[in-house]
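Chemist: Sequences listed follow chains Z and L, in order.
Here the numbering used here is used: the first sequence runs in plain steps of one and ends on residue 261.
Here the numbering used here is used: the second sequence runs in plain steps of one and ends on residue 290.
There's no promise every hint is true.
As a list, the in silico EDC-like pairs of lysine to aspartate or glutamate whose alpha-carbon atoms are at most 20 Å apart [to be verified]:
| id | chain 1 | residue 1 | chain 2 | residue 2 |
| --- | --- | --- | --- | --- |
| 1 | Z | Lys166 | L | Asp104 |
| 2 | Z | Lys256 | L | Asp158 |
| 3 | L | Lys276 | L | Glu249 |
Facing chain Z, a subset of chain L residues (Cβ under 7 Å, in silico) [unchecked claim]:
| id | residue |
| --- | --- |
| 4 | Pro101 |
| 5 | Ile107 |
| 6 | Asn111 |
| 7 | Ser113 |
| 8 | Pro116 |
| 9 | Trp117 |
| 10 | Val126 |
| 11 | Ala127 |
| 12 | Ala130 |
| 13 | Ala131 |
Source of the hints: derived by calculation from the structure; they are not laboratory data.
Keep in mind the model is a prediction, meaning the values are calculated, not measured.
From the three backbone atoms N, C-alpha and C, an ideal C-beta is built for every residue, glycine too.
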Amino acid sequence: MKNLFSIKTAVSVMYFVAGMVIMGGIWALIAKLTKNEIPTPLATWAVFKEVIQQPFQNDADQKGIMTKLLSSLARVGIGFGLGSLFAIPIGLIMGSSKIAMRIINPMVQILKPVSPLAWFPLGLAIFQDSPKASIFMIFICCIWPTLINAAFGASHIPQDHKNVSKAFGFSTWSYLSKILLPFSLPHIITGLRLSIGIAWMVIVAGEMLSGGIGLGNFVWEEGFNGGSVAKILVAIIIIGIVGSLLDMCFTWLQKKFSYAA
Amino acid sequence: MSKASTISLTEEGVSVTTEELFEQDIKPVSIQISNVTVSFKTPKGVYTAVKEIDLTVRKGEIVALIGHSGCGKSTLMSTISGMVKPTSGEVFANGKKVTSPGPDRGIVFQNYSLLPWLTVYKNIYVAVDAALKDKTSAEKTELVETNLKMVNLWEHKDKLPGQLSGGMKQRVAIARAFSINPKILLLDEPFGALDALTKSSMHIELLKLWVMDNRQKTIIMVTHDIEEAIFLSDRVVVMNNGPAATIKEIVDIPLSRPRNKKDIVHDPAYIKIHDKLLNLLIDKFSIADI
Chain Z
1 MKNLFSIKTA VSVMYFVAGM VIMGGIWALI AKLTKNEIPT PLATWAVFKE
51 VIQQPFQNDA DQKGIMTKLL SSLARVGIGF GLGSLFAIPI GLIMGSSKIA
101 MRIINPMVQI LKPVSPLAWF PLGLAIFQDS PKASIFMIFI CCIWPTLINA
151 AFGASHIPQD HKNVSKAFGF STWSYLSKIL LPFSLPHIIT GLRLSIGIAW
201 MVIVAGEMLS GGIGLGNFVW EEGFNGGSVA KILVAIIIIG IVGSLLDMCF
251 TWLQKKFSYA A
Chain L
1 MSKASTISLT EEGVSVTTEE LFEQDIKPVS IQISNVTVSF KTPKGVYTAV
51 KEIDLTVRKG EIVALIGHSG CGKSTLMSTI SGMVKPTSGE VFANGKKVTS
101 PGPDRGIVFQ NYSLLPWLTV YKNIYVAVDA ALKDKTSAEK TELVETNLKM
151 VNLWEHKDKL PGQLSGGMKQ RVAIARAFSI NPKILLLDEP FGALDALTKS
201 SMHIELLKLW VMDNRQKTII MVTHDIEEAI FLSDRVVVMN NGPAATIKEI
251 VDIPLSRPRN KKDIVHDPAY IKIHDKLLNL LIDKFSIADI
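Next comes chain Z alone, as it looks inside the complex (with noise of 0.2 Å):
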């Protein structure tokens, strides 16, 4: 953090300003070509002011987009939390045994691949309200990275730390708490990492599906439904800023707990 300014800094903050002009010639191009069908990035710039205008906005009738965008949050992070609670002690059970691993993975491969819009409608017949839905679909998608990386990490601790624990005779506590979790934290991060951006992905299309408060919802009803291509491209600019925030959180992590032998 010391070298905030150094010529590294610069050169990288070059770089990414490059990217994001050529990705701005690019959308003005296409704006041009579609005959402004998209808009300019000037003229979404000038829709983007208006719509953060009151963002914390929370009347009946009226909701601004920071409301709306901790309201997606909130459930992504409900969902998000309650699957990884589910997913990283199934993971490291099914990493640590052979027997339960035999027995749970059948069951993991074959939910696995079901796209969690298909879990939305289950989850609005079991809870008979969207937003509970919404938030279950969530917690399903957010279960498979996780449990599959913790089992990864608890499957593949190298036998000279179990030699240790053996040697020095380490309790039960002791080898899940000083060998097992430590191994296998790099790897639930990895898990949750993964979980997180496709929760992220997620959270939109159920709330397209589900109505109430949030960012699909807002990209459905005002962008589409409202006749404004402009307030969609606003919403998928502030998605993939808040989706591109929540990897690099992951990131920081990942590095933070990651250890040289």
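Fit chain L to the supplied structure of chain Z, relying on the hints for placement.
Modeler: For chain L alone, coordinates are given in the frame of chain Z:
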């Protein structure tokens, strides 16, 4: 313990006085390996690593197991540590039949086996904590401190293993094994991954620790380094090549202690033992022999 004065060099080689032999005899047995065979089930069938091994080691002895790669020397040692169960035969350590690893036997692994997410201090503490359940946490803390200071790593106690050199990691592993104060110390190719210079100083450090403990610890060491085996041990067990390896010969090293790394290589007795071991282990010495 004036072993040095009782050993003399004669024209026939080395002779040991009857007094010395007597002293050897009255030392209690530390490790007793009787008729031990270890076989593993592999996809290609049963593989016998070592076959019908008998070996007795007395308290305070340093014994090296030497042999080519894959000759089963590590497997044999693992039967003492309890990490491997013999298919047939029995191993007794400190008068008790070995059925599992235990705190009376400290192990130093080939690749240090430190936990990379724990600091040097924590690595030793968790081992002490697990092995010595009856001690208070103050006693455990003191043990960790004493042993870390003994290997001169106290100032590095808060580092992670990844920040240490190979030699330092090995010293942590040795401090960890010593800190549970085992009667038997089992070293599995402990210095195999170190460079020659670091290796030499580690030999001296190991002997220093052993002497500081009044030569009470029995040490079994697996190695494929002849010089290391002679410098450190009282006896060298030469193994045949596997599979189904047996003991080829047990060579006594009656060189007086303390041994001097520089002087010992000029000692005629050393040279004689060195040649003998070389002959036992290697049958081709130049391209003319092929």
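Chemist: Against each hint, give a clear statement of whether it holds in the structure.
Modeler: Hints, verified against the model:
{"no.": "1", "hint": "Lys166(Z) - Asp104(L)", "in the structure": "13 Å, holds"}
{"no.": "2", "hint": "Lys256(Z) - Asp158(L)", "in the structure": "17 Å, holds"}
{"no.": "3", "hint": "Lys276(L) - Glu249(L)", "in the structure": "11 Å, holds"}
{"no.": "4", "hint": "Pro101", "in the structure": "5 Å, holds"}
{"no.": "5", "hint": "Ile107", "in the structure": "5 Å, holds"}
{"no.": "6", "hint": "Asn111", "in the structure": "6 Å, holds"}
{"no.": "7", "hint": "Ser113", "in the structure": "4 Å, holds"}
{"no.": "8", "hint": "Pro116", "in the structure": "4 Å, holds"}
{"no.": "9", "hint": "Trp117", "in the structure": "4 Å, holds"}
{"no.": "10", "hint": "Val126", "in the structure": "5 Å, holds"}
{"no.": "11", "hint": "Ala127", "in the structure": "4 Å, holds"}
{"no.": "12", "hint": "Ala130", "in the structure": "5 Å, holds"}
{"no.": "13", "hint": "Ala131", "in the structure": "5 Å, holds"}
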